[in-house]
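Working from the sequences, and respecting the hints, build out all of it.
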Amino acid sequence: MIKPGYYGQWGGAFIPEILYETFRELNATFARCQADKTFWQEYVELMSTYSCRPTPLTYAENLSRHFGGAQIFIKREDLNHTGAHKANNVMGQGLLVKRMGKKRVIAETGAGQHGVATATMAAKFGFACTIYMGEEDVQRQRPNVFWMEKLGATVVPVTSGSRTLKDAINEAFRDWVANMDTTHYVMGTVCGPHPFPAMVAWFQSIIGIEARKQIMQHFGKLPARVYACVGGGSNAMGIFQGFLDDREVELIGVEAGGKGIATKQHAARLASPDASPGVAQGYKTMFLQDSDGQMCDTHSVAAGLDYIGVSPILTDLWEKGRVRFAAATDAEVMAALDLTIKQEGIIPALESAHAFVHAFKEAGSLSKDEAIIINQSGRGDKDIFTIAHAFDDPSWKAFIREKGKQYAAD
Amino acid sequence: MIKPGYYGQWGGAFIPEILYETFRELNATFARCQADKTFWQEYVELMSTYSCRPTPLTYAENLSRHFGGAQIFIKREDLNHTGAHKANNVMGQGLLVKRMGKKRVIAETGAGQHGVATATMAAKFGFACTIYMGEEDVQRQRPNVFWMEKLGATVVPVTSGSRTLKDAINEAFRDWVANMDTTHYVMGTVCGPHPFPAMVAWFQSIIGIEARKQIMQHFGKLPARVYACVGGGSNAMGIFQGFLDDREVELIGVEAGGKGIATKQHAARLASPDASPGVAQGYKTMFLQDSDGQMCDTHSVAAGLDYIGVSPILTDLWEKGRVRFAAATDAEVMAALDLTIKQEGIIPALESAHAFVHAFKEAGSLSKDEAIIINQSGRGDKDIFTIAHAFDDPSWKAFIREKGKQYAAD
Amino acid sequence: MQLTETLRARRAEKDILLMTHLVLGYPSLAVNREVVRQMVDNGVDCIELQIPFSEPVADGPVILKANQEAISHGLKVRECLEFAAEMAATHKIPFLFMTYYNILFKYGVEKFFKKAKEIGIQGFIVPDLPPEEGEEYLNLAKKYGIAPVMIFAPTSTDMRMRELAGYGEGLVYCVARRGVTGAQTTFDAAFHDYLAHCRAATNLPLAVGFGIASKADVEVLKGKADMAVIGTATIRLVEGKGPEAVGPFIAGLR
Amino acid sequence: MQLTETLRARRAEKDILLMTHLVLGYPSLAVNREVVRQMVDNGVDCIELQIPFSEPVADGPVILKANQEAISHGLKVRECLEFAAEMAATHKIPFLFMTYYNILFKYGVEKFFKKAKEIGIQGFIVPDLPPEEGEEYLNLAKKYGIAPVMIFAPTSTDMRMRELAGYGEGLVYCVARRGVTGAQTTFDAAFHDYLAHCRAATNLPLAVGFGIASKADVEVLKGKADMAVIGTATIRLVEGKGPEAVGPFIAGLR
Ligand SMILES: Cc1ncc(COP(=O)(O)O)c(C=O)c1O
Ligand SMILES: Cc1ncc(COP(=O)(O)O)c(C=O)c1O
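Chains as they are written, first to last, in the numbering used here: chain A, 1 to 410; chain B, 1 to 410; chain C, 1 to 254; chain D, 1 to 254.
Think of the hints as simulated: they come from the structure by calculation, not from any bench.
Hints should not be assumed to be uniformly reliable.
Pairs of lysine-lysine residues, derived as DSBU-like cross-links and limited to a Cα-Cα distance of at most 35 Å, are as follows [unchecked claim]: (1) D:Lys115 / A:Lys320; (2) B:Lys368 / A:Lys213; (3) C:Lys143 / C:Lys241; (4) C:Lys76 / C:Lys65; (5) D:Lys111 / A:Lys102; (6) B:Lys259 / B:Lys98; (7) C:Lys111 / C:Lys222; (8) C:Lys111 / C:Lys92; (9) B:Lys320 / C:Lys143; (10) A:Lys37 / A:Lys259; (11) A:Lys221 / B:Lys221; (12) B:Lys320 / A:Lys342; (13) B:Lys221 / A:Lys259; (14) B:Lys342 / B:Lys405; (15) A:Lys102 / B:Lys361; (16) B:Lys213 / A:Lys37; (17) A:Lys397 / C:Lys65; (18) A:Lys37 / B:Lys221; (19) B:Lys98 / A:Lys221; (20) B:Lys37 / A:Lys98; (21) B:Lys368 / A:Lys102; (22) B:Lys213 / B:Lys98; (23) C:Lys76 / C:Lys111.
Below, the structure is given as structure tokens:
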């Protein structure tokens, strides 16, 4: 028999005893909401009036022509309110929090995308909000910090460990074990202790439900392949769920290859030989860790993929051969981004661009009467500081220098 | 009899003779497209697969409660691809350009919003693209310049005149009179010579068509008032057209009050006594000009409203009493922005925030069983440099200083 | 119409006429005064006085800058009118106003015609006023006997040219090429063909402008047009070498 | 179970026992060695040796930093085991391992139990391993005779406490309050009520930790618990005054 919260041998809920009751309540509320059809209706209604669900499926005519193979479709999660699929999860959990009667939410954030989404949800639902963010990320992602603060959230820079996403998660847990009576921890991806993977996957399944319907409508048959980038795995799980039972649809998760697998400066858990089974941050999965079980530093140009673990659900699907994994390097990502912007007038987030890399590598080898879908998890204009920097744009640098001087004079 | 291209005494086509044939062709193509039902269908289809139309109508529950009067609804043009209503016009004109067989587009841009939208459309349709932008705006809006260039457009800084929007329009005309055989000028708002006002209003009418249907669906009756900011007037015309024939719906256009009407540092054409009838940039309307007919410098915290003229269609509706005009000052705009972000988790563009100012002033005096709609023409995160600056955010300044130093060392 | 007759009479004596152009107030009215004197002394047949406008869409960078500098130095329309009155009183050749429609519109179109007539201006060139928008303007032109100069463009069809000719008086201004003032013009076969079409469309004197800058350019027009228009070239000359260079330059053009 | 008996025996002689805690490798194993000696010499009844982990979610800033510094200085799990072996061989009191589950998991859970047994460790505290996830762990604990210490929290219901007690051996670690290690605890009525519930749920010795830092704190626990746990307080002490301050501090607690 499979234990609840397990996907094959992965998952579980490795939580401190103090959270036992909190998780009992959370599991119960989640189960009630899943059983209650009106909850999902309320969720869909919220996402269609507050965000713009269903998000479109865009036919990328130029890219399809460019590669001369499969017809390329792009699922446009970038058009969500706050600019990424993160909104789906966050608004869903917001509804749960309302049902539980809690008044405060906390969250970790890496790039800041999930932090902005959570702060947004908190503003809308009238919750107090604290966001934990690695100090290094606070430095790198100031625009998102600015918006979180404007949205009324308190942003706490995390100075422990590698000062990035995983440390922010730890810090959020530390807050939670002190304040669980009033507070819900809005986990940002399909990771963490059960029921988070199940819950986040459920809310994100809206992507796949829509995508399947849309591709049937626009293309008349199922896609040959579906590509999604994988940080924690929430956007990937979101779209994959629409096609899991369609065995003929190949599902491809693309991880951060960083500076190349060989350099060890990457965040490829399933697409590299560098990860091993472990238990951390409340769940069991493949982690990038050393032989003692200490977690490694990871690297990616995309902050949202720069993480040691990966969804236990995806690890299971990988182990069972249902999802294929690949890695895209930073350099490949910048090239795919450039091509997509120029060909389609669409700016994927750096995270999302990882999925484009592999779709582009494979599109040409498929026949023209097949379709592929790329999940564009977010929009890239939020990443201007990173993207302009990565493209080494001289006018951008001059602009920033000039602004810096103005402010220095203040 | 009313001359074609006139709205009451306003409008017309004051064009140099060299463009006579170009306009004849443009008028003919436009008329053909208007008569051809499949054109509008193609347009709606494009906007629903490439952008996310219909954009939602969001019920602003918290703001409604806060003001204790009318139920406030927000029409979410910010969720469009590229972040503003500008996409509607630009994609529509793009389809026209395809029908005319032209291969190059040019546009003016102030804030850069219309420039980014046009560059996006050009990338999607495979057109060459040149964007004219006042040198001062190029300096202020570097992020948008960066994206336009990434999208493959050439951005030409305009160094004549006040180096802002109106000068960019002049420069675009100068390009057009040289290259009209291959080139279409994608005017960004409901101004300029006929058929531009009619054409842009037509494409933007999609906002009002949707909004009317949505408010009836969500609220069961027509709104008491509809608020929109007015730069050139395209987003306002867009939403107003849904309600023009409903005499009981009051329509309010909000212009840039800048530093206050009394300071003359504003861009209020119809809401101040400072404008007078004139003819410039190809059309007749109320302009901010001196007694000789020389155009004035205008001011607004919102670059997209910082313009000397206003749609001839709106001037006519104003003169006829159908649309009421008001002005919002920079300071009021920052306060409304702050409140909207905190209450609803929604970040309006600085331009859009002008509409919010007046909706907020009046909401409380309406009864709870009435609704008002605010047109949120765009999203504010594009304005981070301006908004963070306007809020005088110290961490933002420190961040920019730091980045500037990094780049200085390069 | 006075302007037509004057030009026809002059044309009878020369194989090509010269019209020059200056932007009032740039670099100053004093320099304008000297430039006009040199032009007249060196046989120019007609002068366009451009009243500056803040948004001169049909003009290229040189004239654009001249417009804006004149305005930024505080030049008023009233001063332009006074200066034009002085010129028309001093010199025996026809003077025209070139400006954008808003200058007339804001002044009051009829008031402007009346004033222009009073001070002896013989024609108007308003590049942003097509006849379709010019009903009042055309009526007033007739009423005050001021020539409303029409503009032909290389993009104008024969039908359009004939239509325009019907509205025009004084002369027809043939724009030599696409684009704005100040760039170079190529006098190729298409250009000559264009002039032939212009010629066929009207009996009014044909003035050709945009990019005419040298004796060679003027030479090309002989026999094909009645008048060469020198615009940007003299402004550049005054900027570079001062007003005293204008006389020799004009003298060398024919 | 050896640990239970040892503690019960000691408890029979004292009105409260003392358990202390240290993070291995912080600031160094050499300092750890000295600190342990001082603790034992001053009558500590039981010592928790924390094997550092890079993600210590249940720990507050002081212990967190200690974990991370130890790792960043290159400390290996192997060295921790060697050091623990040395301590257990040198000192007569029970030693426990406190660490996070991944350390056991990655080492191999059974291998880890075997090793611990070999070197004389008497119990494990693993704060991120609830019994629901610990089937293998609990079986191995039985097999190797190592006490799997259960944790009670102020949020635990009576039913949950009884359930936990059923899994536990050696002692029950009662977390004094919500939150992580190192913050202050208020010993109010709710706290005493909580301890009464703990007491009612199990016969195992009750150790109370989180925020116990002074003689007064220890005093409060007398009669209500069997053992006071001093964690962050000694780490702070060593940081501020060096290892030689530990002895007098411990001596002064009871
Ligand atoms: C745009 C975007 N895509 C993808 C991710 C990765 O997360 P996940 O794998 O959970 O979708 C992030 C995380 O911040 C993100 O912002
Ligand atoms: C977001 C936004 N709103 C409004 C405007 C003003 O234009 P219009 O009055 O044509 O809608 C602009 C112009 O750039 C804009 O970017």
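Each hint tested on the structure:
1. D:Lys115 / A:Lys320: Distance ~34 Å between D:Lys115 and A:Lys320 Cα, so the pair holds.
2. B:Lys368 / A:Lys213: Roughly 39 Å separates the two Cα atoms, so the pair is violated.
3. C:Lys143 / C:Lys241: Since the Cα atoms of C:Lys143 and C:Lys241 sit roughly 42 Å apart, the hinted pair is violated (cutoff 35 Å).
4. C:Lys76 / C:Lys65: Given that 35 Å is the threshold and the Cα spacing comes to 16 Å, the pair holds.
5. D:Lys111 / A:Lys102: violated (43 Å)
6. B:Lys259 / B:Lys98: violated (43 Å)
7. C:Lys111 / C:Lys222: Violated. C:Lys111 to C:Lys222 sits at ~38 Å, over the 35 Å cutoff.
8. C:Lys111 / C:Lys92: holds (25 Å)
9. B:Lys320 / C:Lys143: holds (33 Å)
10. A:Lys37 / A:Lys259: Given pair A:Lys37, A:Lys259 is violated - Cα atoms ~46 Å apart, limit 35 Å.
11. A:Lys221 / B:Lys221: The hint is violated at about 41 Å.
12. B:Lys320 / A:Lys342: violated (46 Å)
13. B:Lys221 / A:Lys259: violated (58 Å)
14. B:Lys342 / B:Lys405: holds (33 Å)
15. A:Lys102 / B:Lys361: Roughly 33 Å between the alpha carbons, so the hint for A:Lys102 and B:Lys361 holds.
16. B:Lys213 / A:Lys37: Satisfied, since the Cα-Cα distance of roughly 27 Å is no more than 35 Å.
17. A:Lys397 / C:Lys65: Distance of about 31 Å is within 35 Å: holds.
18. A:Lys37 / B:Lys221: holds (29 Å)
19. B:Lys98 / A:Lys221: Judged against 35 Å, a Cα distance of about 29 Å means the pair holds.
20. B:Lys37 / A:Lys98: violated (47 Å)
21. B:Lys368 / A:Lys102: Distance ~28 Å between B:Lys368 and A:Lys102 Cα, so the pair holds.
22. B:Lys213 / B:Lys98: This hinted pair holds, its Cα atoms lying about 30 Å apart.
23. C:Lys76 / C:Lys111: holds (16 Å)
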